[in-house]
Amino acid sequence: MTFAEQLPIVLRSLNTGFLQTLRLFFVTLLGAIPLGLLISLGTMSRLKALKGFLKIVVWIVRGSPLMIQLLIIFYFPGLVWKNNIWGSGESGRFLAASVAFIINYACYFSEIFRGGIQSIPAGQEEAGLVLGMTRTQIFFRVKLLQMVKSVLPPISNEIITLVKDTSLARIIALQEIIWAGQAFMKSSEGISGAIWPLFFTGIYYLAANGILTLLFSRLEKKLSFFRA
Amino acid sequence: MAVLEVEHISKRFGRTEVLRDISLSLEKGKTLSIIGSSGSGKTTLLRCLNFLETPDTGVIRVNGETLLEMPDAKNKRQRESELRRKRLHFGLVFQSFNLFPQYTALGNVILAEELLAKDTEEWKQDKAAVRKRIEEHARGLLVQMGLEDRMKNYPHQLSGGQCQRVAIARALALGPDILCFDEPTSALDPELTGEVLRVIRDLADQNTTMIIVTHEMAFARDVADQVIFMDEGCICEQGDPKEVFCNPKEERTRRFLSRFMEE
Ligand SMILES: Nc1ncnc2c1ncn2[C@@H]1O[C@H](COP(=O)(O)OP(=O)(O)OP(=O)(O)O)[C@@H](O)[C@H]1O
Ligand SMILES: [Mg+2]
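The listed protein sequences correspond, in order, to chains L and E.
Going by numbering that gives the first Met the number 0, 136 is the number at position 137 of the first sequence; the sequence numbering is gapless.
Going by numbering that gives the first Met the number 0, 96 is the number at position 97 of the second sequence; the sequence numbering is gapless.
It is possible that some hints are incorrect.
To be verified - Have a look at the derived ranges for each label pair, beta carbon to beta carbon: (1) L:40 to E:155: 25 to 31 Å; (2) E:130 to L:201: 49 to 55 Å; (3) L:75 to E:122: 49 to 55 Å; (4) E:155 to L:201: 55 to 61 Å.
Calculated directly from the structure, the hints in this document are not laboratory data.
We put the CB at the ideal spot given by N, CA and C, even for glycine.
With the hints as extra help, turn the sequences into a complete structure.
So this is what it looks like as structure tokens:
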């Protein structure tokens, strides 16, 4: 097969893999941002038990490799409980990977959110209280946007890391883009021993992160109408 | 009749006694200024009145209604809605303004009043009309503060003096019975203190009931109807400003004032 013949085959396969990468990426974001916010509120709660529990969870999740978490979450139910709760095939692997990524990223996000909330001067809350606002109103109407603004740079860093981290899911054989590219090194669809598809995967990551970087700089501009 | 009666308030943070047996009362439409050296408990007293701190003992009454009586098991766990209703008797202007940075001057003044209006029947019937009324009210207050051409500006686009005047308008918006100021000009450049003191003076002329903690001695003497000198958590001397400033009875007051007069 000539390169011109191989290219469409490889691109089709990489596209399919990239679609899976993107799905994992978006599902993780959608799950980890709200969960991270809840965890950050929990670690600042007055309930000592909740606070202690969450701090330990965050410490474990941030302190151990995501790859181990993926393996444990995927294999533990089947091997130990003899009950594969994830279901079989690609959809089962995707579900397990999503859960692992959401938990992992929620813990990272929670620490960033906590820093963001705690960096807001106490005077903001006090001003709201004195004006008869409820704590909920103060959180949503006063603090949230200030927090979003201050966490945007560290969060965008994490999100760009997340794009690349999705490739770890191939440890449980999730068919994401690197898995698809690597298949051509062995043999797939009549192509074997080809390393160049792997270089192509790099282009996909670069493009995705380029777009994200642009989005974030836009968002930062949007929030530049005020200064904390 | 006194709008505000405070009896035997005391407060300690750990081992330090910050307020000791503070009692005072204030007539409607009068201005009380509180002076005293750093650490004498002036801010803590204002924070107690605004329910940002809970005193260990004492009574706070407004218009004859007992808002707080400590120690009292019943009061210890006040429902948040109760607490909010009580807070609304007081307004507080902070030394550091504490404006909400993501709202314009007008937005800062509107926010709390609009949130309060959301619980009313009127709001459910005609939101637009309520919104309009609140905005008109806020505009009026900003005009009164001399900020008619600054309404759409965000706090970071305003000078310190302008920020503090927005903060005063914001505190006035909810129509508190007693408006408290905690060193409203201490964070300002000297050339900006005048404009803030002027609007406070105007408020005093319009018989706004106010408590003003300040280091501006001349202002305290000229504007207040009553002055309190605090020292180490106690009210050391109180009375008519002319008396306290020109003819202090206590040695500590005399020493404090002479230090200020030198400057
Ligand atoms: N939250 C707190 N915890 C512990 N100590 C506190 C707290 N707030 C105030 N204090 C102490 O209480 C004392 C009185 O403080 P306060 O701020 O009321 O004084 P002040 O008269 O307002 O002083 P200044 O003129 O410097 O503003 C100080 O010794 C201060 O260190
Ligand atoms: Mg003070």
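These are the hints, each one checked on the structure:
no.	hint	in the structure
1	L:40 to E:155: 25 to 31 Å	28 Å, holds
2	E:130 to L:201: 49 to 55 Å	54 Å, holds
3	L:75 to E:122: 49 to 55 Å	53 Å, holds
4	E:155 to L:201: 55 to 61 Å	42 Å, violated
Checked against the numbered hints listed earlier, the structure breaks hint 4 alone; every other hint is satisfied.
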